[in-house]
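Student: In case you want the letters, here they are:
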Amino acid sequence: MKNILLVCCAGMSTSLLVSKMQAAAIAKGVECKIQATGEAEVKDHIDGTDILLLGPQVRFLLSKFQKSLADKNIPVEVINTLHYGTMNGEKVLDRALELIENN
Amino acid sequence: MEEIIMNLIVHSGEVRSYSMEAIQCAKKGNIAEAKELIEKAEMEMSKAHNVQTSLIQKEAGGEKIEFSLLMVHAQDHLMTSMTLKTLAVEIIDIHEELHRK
Chain P
0 MKNILLVCCA GMSTSLLVSK MQAAAIAKGV ECKIQATGEA EVKDHIDGTD
50 ILLLGPQVRF LLSKFQKSLA DKNIPVEVIN TLHYGTMNGE KVLDRALELI
100 ENN
Chain F
0 MEEIIMNLIV HSGEVRSYSM EAIQCAKKGN IAEAKELIEK AEMEMSKAHN
50 VQTSLIQKEA GGEKIEFSLL MVHAQDHLMT SMTLKTLAVE IIDIHEELHR
100 K
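First to last, the sequence lines map onto chains P and F. Numbered per numbering that gives the first Met the number 0, the first sequence finishes at 102, counting up by one with no gaps. Numbered per numbering that gives the first Met the number 0, the second sequence finishes at 100, counting up by one with no gaps.
Derived from the structure by calculation, the hints contain no laboratory data. Predicted model only: the values in this text are computed from it and were never measured. Where hints are given, some of them may not hold.
[Unchecked claim] The calculated DSS-like cross-link candidates involving lysine-lysine, where the alpha carbons are at most 25 Å apart (straight line), are:
id, chain 1, residue 1, chain 2, residue 2
1, P, K63, F, K39
2, P, K63, F, K26
3, P, K63, F, K34
4, P, K27, P, K66
5, F, K27, P, K66
[Stated by the list, open to error] Here are some of the chain P residues that sit facing chain F, going by a computed Cβ distance under 8 Å:
id, residue
6, S12
7, P55
8, R58
9, F59
10, T80
11, Y83
12, M86
The beta-carbon is built from N, C-alpha and C at its ideal position, and this holds for glycine as well.
Start from the sequences, fold in the hints, and give me the full structure.
Tutor: This is how it looks when you write it as structure tokens:
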């Protein structure tokens, strides 16, 4: 079971991506728990998370999360803008799984 | 329609990120880099504006635009980013002034 956490300002536009990623995960037969949240609620969801993905609109938070998650060994990455804009759940999921694999 | 709205969110989001990165840069004293980031933000802003204008023109042309919470959210993104970029320019000016002294 992989735990993927998506973050944007309020967790709203990323919620849309969550449903597309869930569909992609089912199609691939990968067991995943994918959640979206706002910047302020990350600390409530971070335990058990395998990867944190940031929406491009909160890219400026990358260094903050990299610092605060350094000791938890959770990779953080900004979602590719093109994949985000087109809501390409499959590509984002592939990238997330790749990062978890390499961590 | 969902794709148009996402375009609006993504471009507005880029404006927001570039503006914040520009402020962070200026804070460290990299004024030139901060100004480059503001230019990038401005380019993204014009892209966002093109999307917005096309939507408004459609409505003005009599085409009914469907309203959704996501659309409201996109408008929210656009307005926030516009304000943030305007303020970022001012904040960078202040940092520039401070660093000169």
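Student: Hint by hint, say whether it matches the structure.
Tutor: Results for each hint:
no., hint, verdict
1, P:K63 <-> F:K39, "holds (22 Å)"
2, P:K63 <-> F:K26, "holds (15 Å)"
3, P:K63 <-> F:K34, "holds (22 Å)"
4, P:K27 <-> P:K66, "violated (33 Å)"
5, F:K27 <-> P:K66, "holds (17 Å)"
6, S12, "holds (5 Å)"
7, P55, "holds (5 Å)"
8, R58, "holds (4 Å)"
9, F59, "holds (4 Å)"
10, T80, "holds (6 Å)"
11, Y83, "holds (6 Å)"
12, M86, "holds (6 Å)"
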